[in-house]
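As given, the protein sequences belong to chains A and B, one line each in that order.
Counted from 1, the first sequence has number 9 at position 13 by this note's numbering; the numbering is strictly sequential.
Counted from 1, the second sequence has number 7 at position 11 by this note's numbering; the numbering is strictly sequential.
Incorrect hints may have been included.
Copies of the same chain look alike in the list, so a pair counts if it works inside one copy or between any two.
Said to hold, decoys possible - Computed cross-link-like contacts, DSS-like style, restricted to lysine-lysine with a CA-CA straight-line distance of at most 30 Å:
1. Lys171 <-> Lys117
2. Lys131 <-> Lys108
3. Lys165 <-> Lys142
4. Lys131 <-> Lys171
5. Lys131 <-> Lys117
6. Lys142 <-> Lys166
7. Lys4 <-> Lys74
8. Lys171 <-> Lys24
9. Lys165 <-> Lys93
10. Lys117 <-> Lys4
11. Lys165 <-> Lys91
12. Lys91 <-> Lys166
13. Lys108 <-> Lys4
14. Lys131 <-> Lys165
15. Lys91 <-> Lys171
16. Lys58 <-> Lys74
17. Lys58 <-> Lys171
Note that these hints are calculated values from the structure, not bench results.
There are 2 protein chains.
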Amino acid sequence: MRQLELGKAFTLMESGPVVLVTTHDGKKANIMTISWSMVMDFTPVFAITTGEWNYSFAALRKTRECVIAIPGVDLLDKVVGIGTCSGADTDKFAKFKLMPVQARLVRPPLIKECLANIECKVIDIVKKHNIVVLKAVAAYVDTERKERRRVHAVGDGTFIVDGRTLDRKKMMASKLPLASLPAQVSQLRS
Amino acid sequence: MRQLELGKAFTLMESGPVVLVTTHDGKKANIMTISWSMVMDFTPVFAITTGEWNYSFAALRKTRECVIAIPGVDLLDKVVGIGTCSGADTDKFAKFKLMPVQARLVRPPLIKECLANIECKVIDIVKKHNIVVLKAVAAYVDTERKERRRVHAVGDGTFIVDGRTLDRKKMMASKLPLASLPAQVSQLRS
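Please build the complete structure, drawing on both the sequences and the hints.
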């Protein structure tokens, strides 16, 4: 995995892919599947909606750290499986044969099989709305990976795979914080 | 446009498409382009990130109403155009040749050319994070429309079009609030 400039990490999330979120409660690492997420800032800051109904939430609230791991479509069955069992009684890394990789600035692990990983610190929890606000502190992309299409949950049990990419950079030049497209992100596009 | 059961409206948003948001400041209607949005609840409740930097925000804060209109990929150039000019000096419905349609429960108009429209009330503004929390009060889908693919912003001036749909309904049965897939939403899938 190659390190990605933090100012470009929002481009990993803005299209709204299903993501995996790893936490570590001090005893073991866990993974949850999240499709309720939002970019909030180019810094980059992200929001996810989660709460007591997720076993991972206790670790997230206590340790205030997580990793957002972005799976390719080839991992969809693992992603759905992770989202339909609980870390309370399951070692998800073992069950789904995913390789935890030591992060640099947080304790929850990166997931080796994913397209990209973003180390995050919790900067706020808006309890009233179950919104957890995260700030990225490091980001990585696997530039060797062949399957680069991400997947988007519809919410009815179906998932939409990334299709073709359309370029509107010239039209948007006045609005973009990125002067040029980094090679790593370019490779993330399908 | 056919009315959609409110409990299914989150399926219009969960995949993270770029959306148009209409507002009405009491004098005229306006449109903004948003890619920072998140489903938060099946009720359905949505979050968008917006603030003073958007001309539409003043109307949204004052009137506490908007419409989320979901464009198909055929509207991408209008979507980008709307996102790169301001309602302060532009009548965006006129400039982009979009047809406003009277909503039922809010003053901002639906957009006739869009795949789907969701009438929303602002239920909270989390000022600290520029998050506007919206509750849908009515939703519609255009079941006659041929181009049903939505589009997702990457954030670098490129956009990913919806590709193929993968069905994992059986695997997810325990997690889904929808007993069965409504025909209207089914037709929204590419």
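Can you give the numbers of the hints that this structure goes against, from lowest to highest? none
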